[in-house]
Every structure is written in C-alpha cells, then in structure tokens.
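Undergrad: Given next are the chains, with one letter for each unit.
2 protein chains.
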Amino acid sequence: MKWVRAPAVVGHSGGMATTPRPGAHHCGIDAAMDVIGGKWKVLILWALNDHPRRFGDLRRTLPGITEKVLTDHLRELEADGIVDRQAHPVTPPHVEYSLTPLGRSLNTALAPLGDWGREHVLNA
Amino acid sequence: MKWVRAPAVVGHSGGMATTPRPGAHHCGIDAAMDVIGGKWKVLILWALNDHPRRFGDLRRTLPGITEKVLTDHLRELEADGIVDRQAHPVTPPHVEYSLTPLGRSLNTALAPLGDWGREHVLNA
DNA sequence: CTGTATCCTCGGGGATACTG
DNA sequence: CAGTATCCCCGAGGATACAG
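So the protein lines, in turn, are chains Z and L.
For the first sequence, the residue numbers in the working numbering are 4 to 127.
For the second sequence, the residue numbers in the working numbering are 4 to 127.
Just so you know, these hints were derived from the structure itself, not from any lab.
A portion of the hints provided could be inaccurate.
Copies of the same chain look alike in the list, so a pair counts if it works inside one copy or between any two.
To be verified - Listed below are the simulated DMTMM-like cross-link pairs for lysine to aspartate or glutamate, each with C-alpha atoms no more than 25 Å apart in a straight line: (1) K71 x E81; (2) K42 x D53; (3) K71 x D60; (4) K42 x E99; (5) K71 x E99; (6) K42 x D75; (7) K71 x D37; (8) K42 x D118.
Let the hints inform the model, and build the full structure from the sequences given.
TA: This is how it looks when you write it as structure tokens:
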C-alpha cells in the first residue's frame, strides 16, 4: 500500500541500528500489512491458494477488478516474492501465476485472521 | 477502511442468502481487513495489547499521528467492538482506552501475521 | 490472451487552530 | 487533557482505449 510510515515505535525495544530502507517498518504486523495492504491483495492470495491461475482466470475470479489494478497488484506481489509469474512465449500468450513458498507461508499466517473474521464479522 | 467491495466471490461456496449489509464481505480475511485496514489500526491494537492507555499516551506512543486521525480510528475501533472507551467525568478529563475481549481475540489472530512479518520482511 | 497507456475520481489521512 | 472544526493534499484505485 506504499504507506511511508512516520517514525512510529510501538514495540520500542532496541533501535534498528541502520534503518532498513525509507518507509521502514517497526514491528512485524505493519511490515506484513505493507505487503498485503492493497485492496485486492488478500483476495489474490486466497484465489491462488489452491492452485495456479492464469491472468484472465484471476480477473474472472475477482469481479470488479480492472486489468490495470490486477497487473499492478500482481507486480507488487511478485516484487515482494509472494507470487511467481510463469510466462510461456506462445500465441496467444499463456501466463500462470502461483504462490511462492513465501506466499504459501503468508497465506498460512493469514489463516487465523480469516477464521477470526469469519467468526466475528461475518454471519452477523 | 470503508472499501465497498464489488461482488467478489473467491471462496465461492453457497451464496450468502441475505446480503449482510452494503459493502458486504465475502470471506473472513477481507472482513477482518476492513476492521484493521486503517493506517494506524494495528499499531493502536498493538499499543493497547498489554494495558489500557489514555488518549495522550496513545498519541505519544504513535509518533506522527494527529489528534483527528487518532480520534477517527479509535471511534471506528470502538464501533467495531474492538476497543472500549472509559471516560471519567473529572477535570481535567480522564479517558482510558482498552481492548475488549473481541479486541484481544483479534490481536491473538494477528500474532501469526506479526511473526511472519518479523521473520520474512524485517531483518532484511 | 495478456497486458499498456491515459486520465480522473475520491476519500483517507494530514495540518492547523480552537474549545470544554 | 481530550478532543472538535476546517481545509486540503495526494495517490491508490477505477474507466477506457489500445497493443503485441
């Protein structure tokens, strides 16, 4: 989500000697939030959980998302090492997106949150 | 974060008979994301995890946040049943914010995500 | 089919000043 | 101390058209 955080120090503790990079994080959760903070990120993660999907497949799975936004989010997730992009140079183009091991571990870490939402927010 | 989602149906499954409310969610994760989607929400949750805090205390704990934004987020978290606001009618005013049981359960569900972020994003 | 290229909207968030 | 009240910016996200 490209939030550039102010020098928030919640968990305080020892200071990070050398600030990792501009827009540094300060605790695990907001670091993770930066990765999954896009409007459709978690939905993409979820959609990719069971098996790889092609671009058009994803678009159809996420009604309402535009090509531009889907591309943007996929590129960011790819840059973060969450999803893997496999392009087969044929005509018509054939591209498959899948979760990397890191992406799978993220999805696992997301599960409790999903359970929480299902139990406490949904089924009102 | 007040995103009004399009009719996304990732987890498919049976359809929600009666749509819960405008801006409905469709799986636990994005339902949860709606609750913690503010820029400072998870930081507030984190700050409140160990013990209640007063308004000014929170503001000092979250360097960079403004009164307006802190108030907005606290009001939203309160509306979502995540934080509890206890005002003591004295002068000067004394107000304490704390996590509700629901808030504590949310924080627990957030923990794995925090671990993930700490392990895979931080300490680059 | 899988994307680019443009342009634009909109509201979350920030800055600042003020009040009970 | 604990907030309101205003005004405003900016960029993520959307709409649309086009391309290899």
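Undergrad: All hints, please: hold or fail.
TA: Structure-based check of each hint:
1. K71 x E81: Close inside one copy (15 Å), not across copies (36 Å); limit 25 Å.
2. K42 x D53: For K42 and D53, the Cα distance is within 25 Å only inside one copy (21 Å; across copies 30 Å).
3. K71 x D60: Answer is within; shortest intra-copy Cα gap is 15 Å, inter-copy 42 Å.
4. K42 x E99: Close inside one copy (21 Å), not across copies (32 Å); limit 25 Å.
5. K71 x E99: Only inside one copy: K71 and E99 sit 17 Å apart there, 45 Å across copies, limit 25 Å.
6. K42 x D75: both (11 Å within a copy, 20 Å between copies)
7. K71 x D37: Intra 20 Å, inter 23 Å, cutoff 25 Å: intra and inter.
8. K42 x D118: both (19 Å within a copy, 22 Å between copies)
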